[in-house]
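**Q** Please work from the sequences and hints to get the whole structure.
Protein sequence lines correspond, in order, to chains X and G.
For the first sequence, the residue numbers in this note's numbering are 1 to 227.
For the second sequence, the residue numbers in this note's numbering are 228 to 977.
Derived by calculation from the structure, the hints in this document are not laboratory data.
Where hints are given, some of them may not hold.
In silico contact screen, one side only, chain X against chain G (beta carbon under 7 Å); selected entries [as the list claims (entries may be wrong)]: (1) Gly13; (2) Asp19; (3) Phe53; (4) Gly56; (5) Ala108; (6) His111; (7) Tyr112; (8) Val113; (9) Cys114; (10) Arg115; (11) Pro141; (12) Lys143; (13) His200; (14) Leu205; (15) Val206; (16) Gly207.
Far from chain X, by Cβ distances over 12 Å, these chain G residues were calculated [what the hints assert, rightly or not]: (17) Lys298; (18) Asp374; (19) Pro538; (20) Pro611; (21) Asp664; (22) Pro750; (23) Glu928.
Derived CB-CB ranges, DEER-like [unchecked claim]: (24) X:Pro69 x G:Val337: 39 to 49 Å; (25) X:Thr155 x G:Ala892: 36 to 46 Å; (26) G:Ala974 x X:Ala108: 17 to 27 Å; (27) G:Gly604 x X:Pro69: 43 to 53 Å; (28) X:Val170 x G:Ala974: 18 to 28 Å; (29) X:Ala108 x G:Pro560: 50 to 60 Å; (30) X:Arg118 x G:His618: 54 to 64 Å.
Even for Gly, the Cβ is constructed at its ideal location relative to N, Cα and C.
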Amino acid sequence: MTAARVGVVTFPGTLDDQDAARAVGLVGAQAVPLWHADHDLKGVDAVFLPGGFSYGDYLRCGAISRFAPLMEELIPAARAGLPVLGTCNGFQILCEAHLLPGALTRNASLHYVCRDQRVRIESADTAWTGAFEAGQEIVLPVKHGEGRYVASAETLAELESAGRVVVRYVGGNPNGSMNDIAGIRNEAGNVVGLMPHPEHAVEDLVGAPSTDGLGFFTSILKKLVNA
Amino acid sequence: MSTDSVSRAEGTPDEPMPYAELGMKREEYDRVREILGRRPTGSELAIYSVMWSEHCSYKSSKVHLKQFATKAPKSEALLVGMGENAGVVDIGDGWAATFKIESHNHPSYVEPHQGAATGVGGIVRDIMSMGARPIAVMDALRFGGADQDDTRRVLPGVVEGISHYGNCLGLPNIGGEVVFDPCYIGNPLVNALCVGLLRKDQIKLAVAPGPGNKVVLFGASTGPDGIGGASVLASATFEDESHAKRPAVQVGDPFMEKLLIECCLELYAADVVVGIQDLGAAGVSCATTELAAKGTGGMHVDLNLVPLRDPSLVPEEILMSESQERMMAVVRPADIDAFMAICERWDVPATVIGEVTDTGRLVMTWNGETIVDIPPGTAADEGPVYERPLHEPAGQVALNSDTPDGLARPADLRATLLQLLGSPNLASKEWVTGQYDRYVRSNTVLAQPADAGMLRISEAIAGAEPTTRGIALSTDGNGRYAKLDPYAGAQLALAEAYRNVAVTGAKPLAVTNCLNFGSPEDPEVMWQFAEAVRGLADACRTLGVPVTGGNVSFYNQTGSTPIHPTPVVGVLGVIDDVAKRVPTGFTGEGLRVALLGETSAEFGGSEWAHVVHGHLGGLPPQANLVAEQALGAVLVEAARRGLLEGSHDLSDGGLAIALAESCLARGVGATVALSGEPFTDLFSESASRALVVVRPESFDELAALCFEHEVPCYGLGVTGGTSLVVEDVLEVPVEELRATHTGTLPALFG
Chain X
1 MTAARVGVVT
11 FPGTLDDQDA
21 ARAVGLVGAQ
31 AVPLWHADHD
41 LKGVDAVFLP
51 GGFSYGDYLR
61 CGAISRFAPL
71 MEELIPAARA
81 GLPVLGTCNG
91 FQILCEAHLL
101 PGALTRNASL
111 HYVCRDQRVR
121 IESADTAWTG
131 AFEAGQEIVL
141 PVKHGEGRYV
151 ASAETLAELE
161 SAGRVVVRYV
171 GGNPNGSMND
181 IAGIRNEAGN
191 VVGLMPHPEH
201 AVEDLVGAPS
211 TDGLGFFTSI
221 LKKLVNA
Chain G
228 MSTDSVSRAE
238 GTPDEPMPYA
248 ELGMKREEYD
258 RVREILGRRP
268 TGSELAIYSV
278 MWSEHCSYKS
288 SKVHLKQFAT
298 KAPKSEALLV
308 GMGENAGVVD
318 IGDGWAATFK
328 IESHNHPSYV
338 EPHQGAATGV
348 GGIVRDIMSM
358 GARPIAVMDA
368 LRFGGADQDD
378 TRRVLPGVVE
388 GISHYGNCLG
398 LPNIGGEVVF
408 DPCYIGNPLV
418 NALCVGLLRK
428 DQIKLAVAPG
438 PGNKVVLFGA
448 STGPDGIGGA
458 SVLASATFED
468 ESHAKRPAVQ
478 VGDPFMEKLL
488 IECCLELYAA
498 DVVVGIQDLG
508 AAGVSCATTE
518 LAAKGTGGMH
528 VDLNLVPLRD
538 PSLVPEEILM
548 SESQERMMAV
558 VRPADIDAFM
568 AICERWDVPA
578 TVIGEVTDTG
588 RLVMTWNGET
598 IVDIPPGTAA
608 DEGPVYERPL
618 HEPAGQVALN
628 SDTPDGLARP
638 ADLRATLLQL
648 LGSPNLASKE
658 WVTGQYDRYV
668 RSNTVLAQPA
678 DAGMLRISEA
688 IAGAEPTTRG
698 IALSTDGNGR
708 YAKLDPYAGA
718 QLALAEAYRN
728 VAVTGAKPLA
738 VTNCLNFGSP
748 EDPEVMWQFA
758 EAVRGLADAC
768 RTLGVPVTGG
778 NVSFYNQTGS
788 TPIHPTPVVG
798 VLGVIDDVAK
808 RVPTGFTGEG
818 LRVALLGETS
828 AEFGGSEWAH
838 VVHGHLGGLP
848 PQANLVAEQA
858 LGAVLVEAAR
868 RGLLEGSHDL
878 SDGGLAIALA
888 ESCLARGVGA
898 TVALSGEPFT
908 DLFSESASRA
918 LVVVRPESFD
928 ELAALCFEHE
938 VPCYGLGVTG
948 GTSLVVEDVL
958 EVPVEELRAT
968 HTGTLPALFG
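**A** In structure tokens form, the structure reads like this:
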């Protein structure tokens, strides 16, 4: 059997792409670099949109990346069921692309925040969280200046009632997100956006003092292998 | 006004030139005339004035700095020494590291956010220009008193600038310092360090060999920003044609810098770069003269080809602009297409602006007229050199006689510990460091508040052969010590950085330094500078670690009051197996706590004297470099054998603060007993000491290792519990330590 192939997208200004690729490799999947300017998903089985400051984020975070040639391929593929995980800037891009509802705005503190954050997995029914149990608390780093999740009251009610809040901050909200939301999914559960960085919590030696991020990568691997 | 061409200059030999407005002395201007055999054109004057400025020419410091070379210890690790964009050291297995620290003090006072941001950008480009991938940054910061009004303006801006620029570049910020002292009000220090990694056979240098090779300017376009305070703009001659006021502080675009990093690495990998230079201070003037001077000796540049952000710029402005995110490369004609294709892939504008010649002259044209025709070495390397007068400050003897011996000793050591732990200099810096990304690139093994930052190397460059090695870096400097004795102060700065690297298990290898002082025209400042350089050079020789490069920042003074002399020293070390790194502090329960090194009553310049009594006098702790080296050897060997479960250096605030910080690292308490006079044992700042924790069964081996190296080793107690207990002296719950330690900066800065 060939390894599951997970595409990792690089926009100009993407920063966590090699980190994501390494994490994909650590669980035994194959990371496939995807370039923003190509109309080509290279036949990957899933896509990771990593963090960074694509195009400098001088307009609104993710507002320009959303129009990249690669995104013209990715958006319909995601709507058709391709598993996609966007973290940090990737989450912002997914919101800008309307694959996920709501928006990520300036942290309530007005400061960039980098810290090891306790979060709770609220939903294990997604392509990216199947290896966790609902209610499980883990530690992942957050590092962002614009991670405050906001949405209309209607959208929030729908996310909550449909169980579409995937990850929630516990023990302190780092950015003022509504309902302490750290991550959400689309209706189908194949597209997930997360502010925290699972790719920085996968090895004992480096990164955050936790390897809890591995679960996101084993989740997608299991999902693809069992598909 | 028509362009001031060479032929016009020849025809108008007596036209007055604004050399004084550009900060040149009459003798310096006369020397330019002598070199050229005529008056300089406006453009030539612009080049000489910036290249011969203190900042670029080191004219006041050169005679002292040469000790770093003449006294340099023999080191097989040194691949590229001082004089290049950054030093390069061999770290084994075919890898090399390049690192350097540089000041951006004055801009950070004027405009804290952009000043600090572009400080990061500048040092990162220095590292890139050596052929390396930048892999981390650190910042050594000094601010005025924490409660002073201007500190509330400067600090948040500086932190935000570093945070925004560094985070956006994708470089982890792994350490540094934040120190407050009223002496820095009006003169904050922002010293930025960057470290990069490369294969040791791929070092790039700033040279322009090979006549016919093309000179390419790439990156951002050139705008009117960053044209220095003492610039052409201030001069009457150019005023009509120019704009009235320009911002003197550069504005950074970290996104462009990130593209430049990736673009340069692809250019290096494709082997299409013969020589490369970043554009920092003095912009195009510096890059062209330095590249030409180190190459075949000649270069022809058509200044009309420089892409401009503002088309009204005149040649003098183009030459002096310090617009950020620009690089200059020398490229073989056959490689130009490949070079341009890579730049295009990264959306980096690139333009051929000239070519290398063998004429020995740097010639520039503007609208077809020759406006510059100079021997480039005269601007780049043959600037004026001053042996400035120096003498010991008038108050030095009195300062050294005013010892802390008479200061009232505290009755309540528990209260003193908490008072110090919550004081701005010793309090948690998380308010600052929490704004920096320490995880990006996933190679961060240790970061603040660890004693040193540490990075693994194996995966730092995709595709390169794996190694188990890692590098560690620390910067340190204590202005109060240096004020009391600049010779010893510089040595203590080196000793502390050396120790901070060694406690993580890495062997110290090489040094960079940023020497922050007042005005070199003040003989008392010059004495401080000379003493500090002599001290540092002597200490580097004793410790066997060469200086690889650095930076001098003078004129950090307001009126006639200079800052404390502040040599900031960065040390880079190597750990053979990064998995054996020693974390900071008490990492678990039931571990034996040992103090390595000797304690005597040394309170001159101490945090205790500063915080409790507002006192600065006497002499700093003794810098015993032989003891430092022995301690370092014990720490590195003990880490190699896997004996150490945790460690922490002793420095500001002494054993008391080291114990408290060790407890805070993982929330693990400890019970220890002192053998001497409690106040001295807890708060003295004797150098060459470290705390370590070992498994009980390893204690004897540690003791034997210490004995072998003649390092005193005292068993103090054992870790565990929820309080720090110093038997018969004090007891503080770890949670109380934490509340005290973390509350201060948020209360001050929001």
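**Q** Take the hints in turn and mark each one as holding or not.
**A** Here is what the structure says about each hint:
1. Annotation: X:Gly13 was flagged as interfacial toward chain G, and the flag holds, the nearest CB pair being 5 Å apart, inside 7 Å.
2. The interface hint given for X:Asp19 is met, as the beta carbon of that residue sits about 4 Å from the closest beta carbon of chain G, less than 7 Å.
3. With 7 Å as the threshold, the beta carbon of X:Phe53 comes within range of chain G, its nearest partner Cβ sitting at about 5 Å, so the hint holds.
4. With 7 Å as the threshold, the beta carbon of X:Gly56 comes within range of chain G, its nearest partner Cβ sitting at about 3 Å, so the hint holds.
5. Interface hint status for X:Ala108: violated, as the beta-carbon distance to the closest one in chain G is roughly 12 Å, over 7 Å.
6. Interface restraint check for X:His111: the shortest CB-CB distance to chain G comes to about 5 Å, inside 7 Å, so the restraint holds.
7. Interface hint status for X:Tyr112: upheld, as the beta-carbon distance to the closest one in chain G is roughly 5 Å, under 7 Å.
8. For X:Val113, the shortest C-beta to C-beta distance to chain G is roughly 6 Å, which falls under 7 Å, so the interface hint holds.
9. Given hint, X:Cys114 at the interface with chain G, holds; its Cβ is 5 Å from that chain's nearest Cβ, closer than 7 Å.
10. Interface restraint check for X:Arg115: the shortest CB-CB distance to chain G comes to about 6 Å, inside 7 Å, so the restraint holds.
11. The interface hint given for X:Pro141 holds, since its Cβ lies 5 Å from the closest Cβ of chain G, which is under the 7 Å cut-off.
12. The beta carbon of X:Lys143 comes within 5 Å of a beta carbon in chain G, closer than 7 Å, and the hint placing it at the interface holds.
13. With its C-beta approaching chain G no nearer than about 4 Å, X:His200 sits inside the 7 Å limit, and its interface hint holds.
14. A cut of 7 Å between beta carbons decides the hint on X:Leu205: the least distance to chain G is about 6 Å, and the hint holds.
15. The closest approach between the C-beta of X:Val206 and any C-beta of chain G is roughly 6 Å, which is under the 7 Å cut-off, so the hint is satisfied.
16. Hint status for X:Gly207: holds, given a least beta-carbon distance of 5 Å to chain G, under 7 Å.
17. Every Cβ of chain X is farther than 12 Å from the Cβ of G:Lys298; the closest lies at roughly 38 Å, confirming the non-interface assignment.
18. Against chain X, the non-interface label of G:Asp374 holds: every CB pair exceeds 12 Å, the least being about 20 Å.
19. For G:Pro538, the shortest C-beta to C-beta distance to chain X comes to about 23 Å, beyond the 12 Å cut-off, and the non-interface label holds.
20. Residue placement check: G:Pro611 keeps its beta carbon more than 12 Å from all beta carbons of chain X (closest about 41 Å).
21. The Cβ of G:Asp664 sits about 5 Å from the closest Cβ of chain X, inside the 12 Å cut-off, so the non-interface label is violated.
22. Distance check on G:Pro750: its Cβ is at least 44 Å (rounded) from any Cβ of chain X, clearing the 12 Å threshold; non-interface status holds.
23. With a closest Cβ-Cβ approach of about 25 Å to chain X, G:Glu928 is found to remain outside the 12 Å limit, as its non-interface label requires.
24. A beta carbon spacing of about 42 Å between X:Pro69 and G:Val337 agrees with the range 39 to 49 Å that was offered as a hint.
25. Checked against the hint of 36 to 46 Å, the pair X:Thr155 and G:Ala892 passes, with Cβ atoms roughly 42 Å apart.
26. Checked against the hint of 17 to 27 Å, the pair G:Ala974 and X:Ala108 passes, with Cβ atoms roughly 18 Å apart.
27. For G:Gly604 and X:Pro69, the Cβ-Cβ distance of about 49 Å falls inside the hinted range of 43 to 53 Å, so the restraint holds.
28. A C-beta distance of roughly 26 Å is found between X:Val170 and G:Ala974, which places it inside the suggested range of 18 to 28 Å.
29. Look at X:Ala108 against G:Pro560: about 56 Å separates their beta carbons, and that is inside 50 to 60 Å.
30. Against the hinted window of 54 to 64 Å, the Cβ-Cβ separation of X:Arg118 and G:His618 comes to about 60 Å, which satisfies the hint.
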